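Could you put together the complete structure from these sequences and hints?
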Amino acid sequence: MNKTLKVSALLSGAVILGSAIVPVTASAAKYKTINWTESANVGTMDPSKTTAAIDFTYLQSIGEGLYRMDKSGKPALAGATSVDKSDDGLTFTYHLRDAKWSNGDPVTANDYVYGWQRTNDPKTASQYAYLFSGIKNADEIQKGDKPVADLGVKAIDDKTLEVTLDRPMPQLESVMTMATFEPQNKKFVDKVGKKYGTASKYTISNGPFVMKGWTGSNNKISLVKNKDYWDANTVKTPKVNIQTIKDQNTGYNLYKSKKVDYTTLSPDQYKASKNKKDYTVISQASTAFIEFNENKKPLDNTNIRKALSKSIDRSTMSSKILGGGGKPAYSFTATKLAKDPNSGKDFATVAADKDASGYDLKEAKKLWKQGLKETGKKKVSLQYLTDDTDGAKRSAQFIQSQMEKLPGLKVTIKTVPFKQRISLSDDKKFDMVNTIWGGDYADPSTFLDLYTSDSSFNNGSWKNADYDKLMSDAKTTDVNDENKRYEDYAKAERLLQEDAAIAPVYYQAKPSLLNKSVKDVVSNTTGAPFDWKWAYKK
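Heads up: the sequence shown begins at 1 in this note's numbering, then just goes up one per residue.
Note that these hints are calculated values from the structure, not bench results.
Each hint can be trusted.
List of simulated lysine-lysine pairs, DSS-like, C-alpha gap at most 27 Å:
id	residue 1	residue 2
1	Lys354	Lys410
2	Lys220	Lys516
3	Lys225	Lys30
4	Lys71	Lys345
5	Lys239	Lys32
6	Lys405	Lys327
7	Lys428	Lys469
8	Lys366	Lys410
9	Lys369	Lys410
10	Lys362	Lys377
11	Lys296	Lys428
12	Lys143	Lys123
13	Lys297	Lys405
14	Lys429	Lys405
15	Lys212	Lys71
16	Lys191	Lys227
17	Lys297	Lys354
18	Lys469	Lys296
19	Lys225	Lys71
20	Lys378	Lys366
21	Lys30	Lys277
22	Lys146	Lys85
23	Lys256	Lys30
24	Lys327	Lys74
25	Lys365	Lys354
26	Lys414	Lys393
27	Lys49	Lys414
28	Lys154	Lys123
29	Lys379	Lys362
30	Lys393	Lys429
31	Lys194	Lys154
32	Lys146	Lys469
33	Lys366	Lys379
34	Lys227	Lys32
35	Lys154	Lys100
36	Lys30	Lys227
37	Lys220	Lys419
Derived Cβ-Cβ restraints for the label pairs, each shown as a range:
id	residue 1	residue 2	range
38	Lys516	Asp268	18 to 28 Å
39	Thr349	Ser461	27 to 37 Å
40	Lys212	Lys366	53 to 63 Å
Predicted, not measured: the structure shown is a model, and the values here were computed from it.
By construction, the Cβ of each residue, glycine as well, lies at the ideal position given by its N, Cα and C atoms.
Shown next as structure tokens:
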């Protein structure tokens, strides 16, 4: 789905860059179009089916649920004006504001009921339906044991929505900022049918912008200000033009010629740009990691996986290959996500296990030899699946060179477009795959939930009963005790590393150039990476 330097505005008329607050004065003249770049094309604009960070950015631009991340990165009421909470903390009654869809229909409580039920319906096969776990009957509905009508969401009237929980959800408000919880217009979905969310003309908006120009496969789209948005007066920019640029040299040259306002940097470009005034780092609670397909031999062997993980010199990769684009990772849960209540420190650093996943080529060769003996193999050929972007290719080549230091191992690289890599991963058609996961909300469960035995994101098919119990305890017996809950998470994180379920590689950051004339773009460490609601260009 995730993302420490924020390019965000906490105060009206100010941009936060690092710790410095730079005052700005909005021009009385008309605001200009913002020209942006991304490294991947849109996948889907169906809130029930999306899984990619880029899609969540666009869905947040054209849609809005009960909550939205505000400019300071905290969840704030958006589609609702107020909420009443029951004494036991299990019932929430939301009072919806007057809002419209871009086709003129009013946004009603039934739109939330329909959207949430559609996402939880097993027929929809939503990978993100797991976020509803904790809302009454969601788990049973997703398994097909109860009808969608039993989901804990009810329209009291057009402007009143009641949400009932099975158990307390400490992360509820943060989770509800996700596009997965946005309302959906049943009349529109029924009208376009299976084409829903596959092109601009098959999308509908209740958010700050409407999407234009997307055919379903092209690399240029526009986000145009939605005049019917309830908070349209806050939206200053008339349009955000976005184009997919996979080649960083192309993006860099477009930026230098002032044809785009934002681009990410390659290691060489980072070195040349890091002292410029328009240089910034977009940090996210995001981890790049390698997923092993345990349905493929010999990757079902723990020592083989451990050897592969320990063969990677993450420090060298960070300094020589990433060039400011990340720091060595020794945990799956990303840094900058959440603080451990027991120590007050970053949870990822507390839970990290360098002994399990740190670089040690001598130990890696020993484990490899042992794994080959256990699996009866002398030589192994593995394919490494990755995206076709410049950065992904550089990382893949480095990892290939590292792993091939293990005797008898041949690693080939398969590069495919982002959308295809996601599809191949979901279909478990890989040996090893490069994956990046960004936190959806500020709680370790946004990472650790992915590797329970029944998780729809567990593409490597790793299973561990002790891990499942720890994650269950965090949601049930320990849910109201923050210290115990985080202890469960820390133990679960270490189990991932001890068993080499995955190999964390680096915590992601994006060295970038951002036009100084562009103000108030919000970069979230969790959820949708960017929000242009408050952005403008002088």
